[in-house]
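In the order they appear, the protein sequences are chains A and B. Per the numbering used here, residue 1 is the first one in the first sequence, and the count goes up by one each step. Per the numbering used here, residue 109 is the first one in the second sequence, and the count goes up by one each step.
These aren't lab readings, by the way, just hints derived from the structure by calculation. Since this is a predicted model, take the numbers as computed values, not measurements. By construction, the Cβ of each residue, glycine as well, lies at the ideal position given by its N, Cα and C atoms. Hints are supplied without guarantee of correctness; some may be wrong.
Unchecked claim - Selected chain B positions facing chain A (Cβ under 10 angstroms, derived; list incomplete): (1) Leu-535; (2) Ser-587; (3) Lys-591; (4) Met-607; (5) Asn-608.
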Amino acid sequence: MKHVLDTSTKTLALTFPGDIVSTNATTLREDVFKILESETIVRSEWTTLELDFRAANMVDSIGLNLLVSIIKFARNRGSKVVGHVVNTNVQRALCFTRLNTQMELIAA
Amino acid sequence: MSNAASQTGKRILVVDDDAGIRLLITHHLKKRGYDTVAAAGVKAAEELFLQNSQTRFDAVVTDYLMPDGTGIDLLEWIKQHDNTLAAIFVTGVGERDLVKRSLRTGACDFLDKPVQIQLLVQAVAEAVDRTQRQRALQDAESSVQEVGRLQQFMLGSNPATLPGTLEICWHPKHAAGGDLVNVFSLGPERLLVVVADVSGHDLKAGFISAFFQGVVRGMIEKGTPINEVFSYFNRFLLREWSGQNNPSSQFDVSASVSACAFDIDFASEHFSVWNSGFPIPIFTDSLGKLRRCGESASHPLGWFDDDSATLFEQDVEQGGFAYAWTDGLEDLAGQLEISPMSLAESLLKARRDGVTPAFLKDCGDDILVVRINLMPKGTEPGAFQPLLFEEYFSAHGPRIDQLQSQWERSLQTAIPAIPESKMFDLLLCSREAVINGIKYGCAANPNQPCSYEITYQPESQIVRVSINDPGPGHAFDWSRYEKAAEEQLLDAHRGLILMNRLPSRTMIERGGASVIMDFDLKQP
Numbered sequence: 001m002k003h004v005l006d007t008s009t010k011t012l013a014l015t016f017p018g019d020i021v022s023t024n025a026t027t028l029r030e031d032v033f034k035i036l037e038s039e040t041i042v043r044s045e046w047t048t049l050e051l052d053f054r055a056a057n058m059v060d061s062i063g064l065n066l067l068v069s070i071i072k073f074a075r076n077r078g079s080k081v082v083g084h085v086v087n088t089n090v091q092r093a094l095c096f097t098r099l100n101t102q103m104e105l106i107a108a
Numbered sequence: 109m110s111n112a113a114s115q116t117g118k119r120i121l122v123v124d125d126d127a128g129i130r131l132l133i134t135h136h137l138k139k140r141g142y143d144t145v146a147a148a149g150v151k152a153a154e155e156l157f158l159q160n161s162q163t164r165f166d167a168v169v170t171d172y173l174m175p176d177g178t179g180i181d182l183l184e185w186i187k188q189h190d191n192t193l194a195a196i197f198v199t200g201v202g203e204r205d206l207v208k209r210s211l212r213t214g215a216c217d218f219l220d221k222p223v224q225i226q227l228l229v230q231a232v233a234e235a236v237d238r239t240q241r242q243r244a245l246q247d248a249e250s251s252v253q254e255v256g257r258l259q260q261f262m263l264g265s266n267p268a269t270l271p272g273t274l275e276i277c278w279h280p281k282h283a284a285g286g287d288l289v290n291v292f293s294l295g296p297e298r299l300l301v302v303v304a305d306v307s308g309h310d311l312k313a314g315f316i317s318a319f320f321q322g323v324v325r326g327m328i329e330k331g332t333p334i335n336e337v338f339s340y341f342n343r344f345l346l347r348e349w350s351g352q353n354n355p356s357s358q359f360d361v362s363a364s365v366s367a368c369a370f371d372i373d374f375a376s377e378h379f380s381v382w383n384s385g386f387p388i389p390i391f392t393d394s395l396g397k398l399r400r401c402g403e404s405a406s407h408p409l410g411w412f413d414d415d416s417a418t419l420f421e422q423d424v425e426q427g428g429f430a431y432a433w434t435d436g437l438e439d440l441a442g443q444l445e446i447s448p449m450s451l452a453e454s455l456l457k458a459r460r461d462g463v464t465p466a467f468l469k470d471c472g473d474d475i476l477v478v479r480i481n482l483m484p485k486g487t488e489p490g491a492f493q494p495l496l497f498e499e500y501f502s503a504h505g506p507r508i509d510q511l512q513s514q515w516e517r518s519l520q521t522a523i524p525a526i527p528e529s530k531m532f533d534l535l536l537c538s539r540e541a542v543i544n545g546i547k548y549g550c551a552a553n554p555n556q557p558c559s560y561e562i563t564y565q566p567e568s569q570i571v572r573v574s575i576n577d578p579g580p581g582h583a584f585d586w587s588r589y590e591k592a593a594e595e596q597l598l599d600a601h602r603g604l605i606l607m608n609r610l611p612s613r614t615m616i617e618r619g620g621a622s623v624i625m626d627f628d629l630k631q632p
C-alpha cells in the first residue's frame, strides 16, 4: 500500500495495488489503518483523503465495507474523501451501493 | 538378404541415362526374380510410372544426374503419386552428400558407382520390404479411418420417426474409438437412448463397441429391459472375455464398458436412467434448475460380479434436457480448468457451427457428448442449458478467487460473446452469494453443501444463477436496509444490495437461503 502526504494541498493519497476483495481485505485493512493511525499521519493537517483504486478490476462487498470504514475514519477527522477509479464496472458497483454519495468519485 | 523366390513378381523401376549401367542392373535383378522396367531419363520414367499405374512398382533404383533432370526431381514427382515407394540412389563420387542435403521426400538408400552387385541386390530387397511395410501401414490406417467413418455414421443417425431429438458431438482421439450412442424406439412415445464408453480408444475398443451394440440391439428387440441387458453383458465380459476369471481362455480381452441408458416416456412425461460406471448425467428443467441423474457412482460393466447399476427417475412436466458425456470430456474440462457443462455446450455449439475448437488438440481421450431434448418433437425447446453445477462447503471460502476464475473461464468458453459488464456483474453477485451461502448456510449445517448453478437460455439470452444454501435463511428488508446503509454508512450486507441491484431480476426464497439471479445479456 503506497501513501503520499502532500502538506501543500493538505492531501493524503492512498494507492490500492489491485482488487479489493474478501481474500485480501483483511491485509489491506491492516495496511491502511497502520498508515492512518501512524503518528506522522495523525499529527498532520490533511483535509482531503484521496483513495486511488485505479488498479482495481473488482471490489466486492467486503472491499466496499473497508472503503466505508476508511470514509468514516476520514469524516471523523473532518476530512473529505475523493476516489479515483478507472474500471467502469467498479464505478457501477460503488454507485449501486451509493458510496458515490459518500465520496467524490473521479473517473480517470 | 531375400532370396530370388521371395522376390518373384516384385516390380522395380530402373532409371539411368547410361545404357550400360541400366542393362547391368536390370540383368542382375531379373536373375533374382524381379520384374524390371527401365527408363533412360526422368521424363521417360514418369511416363512409364503412369503407364504402369495399375500394377504398382515395389522399388525404384535411380541415377542422380541425368540430361533431363535429377533423381531428386523424379523422386519428388513419384511421391506425389505414391508416397509409399522406396528409392535407391546410385551416386558418383561427391554426389551422395548433395543428394542428402537436397532431399525433402524422406528416407532412401544409396549405392556408390561403380555398382557392386551384392550390395545392389541387398539394397533392392530392403527397399521392397520398406515399400511393403509402408503399404501395409497405409492400408491399416485406411481401414481404421473407414471404421471411424462408419462410427460417425452410426453416431449421427437419428431416425425421423423417433419422438424426441438428440444432439451428438463426438471427437475420437484416433480415427476410431469405443464411444457409442444407440437410439431405440420402444413405442410411439417411448425412447431408449444408450450411451457407452468402451475402455481404450483404438480399433480394439471400436470392435468391442460394435459387439456391445449388437448385443444391446438384439436383446432390446426381444423386449429385454435395459438393466437386464447391462447385467447380461457384465456377466458375459467377466465369464467369457476375462482371462482372469476364465483360466482356460487363450486370450484375455479384459474389456470394460461404462454405460448409461435413458428410458424416456413422453406420454407420461417421465424418464429413468440406468447407469453402470458412466459419468453421472445432468438434467435441466425448463426453469433452469439442474439435477444430477443419480448420486452414487457405480462400476463399469466387466469389473465385478455384482450388478451395481444405479437407477434414477425423474418427471419432466415442462420438458428440459438431459446431458451425458464420457470421461474424456471431464478430463479435458479439468485440464482447461472449466466446468464440464460449459465445455459440453461449447462443443455442441461448435459442431452446429461446423468448427473444431483449438483446445481439442490437447485432448487425451475420446470425447462424446449427448444432449437429449425431453420434450416431444415439434415442441419449442426454450429450456435452459447447464453451464456449471458445483457444490461448496465452508472449506471453499478461502478459495473464492480460484472459484471465481473457474466460473469466468467456463462462461467465456460457453458464451464467448458475453459482454464484459455482464460478466463483471455475474461474477461479483455470484461471489457475494456463494460467500454468504458458505458463511451462513453451511455454518448452520456444515455437512450440507451450498449449491451453485449457472444455466443459459439462448433464445432469451438470459444467464440464470442459482445459489441454494442449507441454512434457515433470515428475514431481511432489502429496500429499508439499502437506505440505512447509505445514510448511516453501515459496513455490512452491501453484497445483498449488489445482488438486488446488478441482476435484471433477483428472486429470493427461504429467507435468502435460495437466491436466483437472472442476467439479461441483451440489456445494456
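Here is what the structure says about each hint:
At a threshold of 10 angstroms, the smallest CB-CB gap from Leu-535 of chain B to chain A is about 7 angstroms, leaving the interface hint in force. The beta carbon of Ser-587 of chain B is not positioned within 10 angstroms of any beta carbon in chain A (closest approach about 13 angstroms), and the interface hint is therefore violated. A distance limit of 10 angstroms between C-beta atoms decides the matter here; for Lys-591 of chain B the minimum to chain A is near 9 angstroms, and the interface restraint holds. Using the Cβ-Cβ criterion of 10 angstroms, the hint placing Met-607 of chain B at the interface with chain A is satisfied: the shortest such distance is roughly 9 angstroms.
Hint on Asn-608 of chain B holds. Least Cβ distance to chain A is approximately 9 angstroms, under the 10 angstroms limit.
In the structure shown, a violation is registered for the earlier hint numbered 2 alone.
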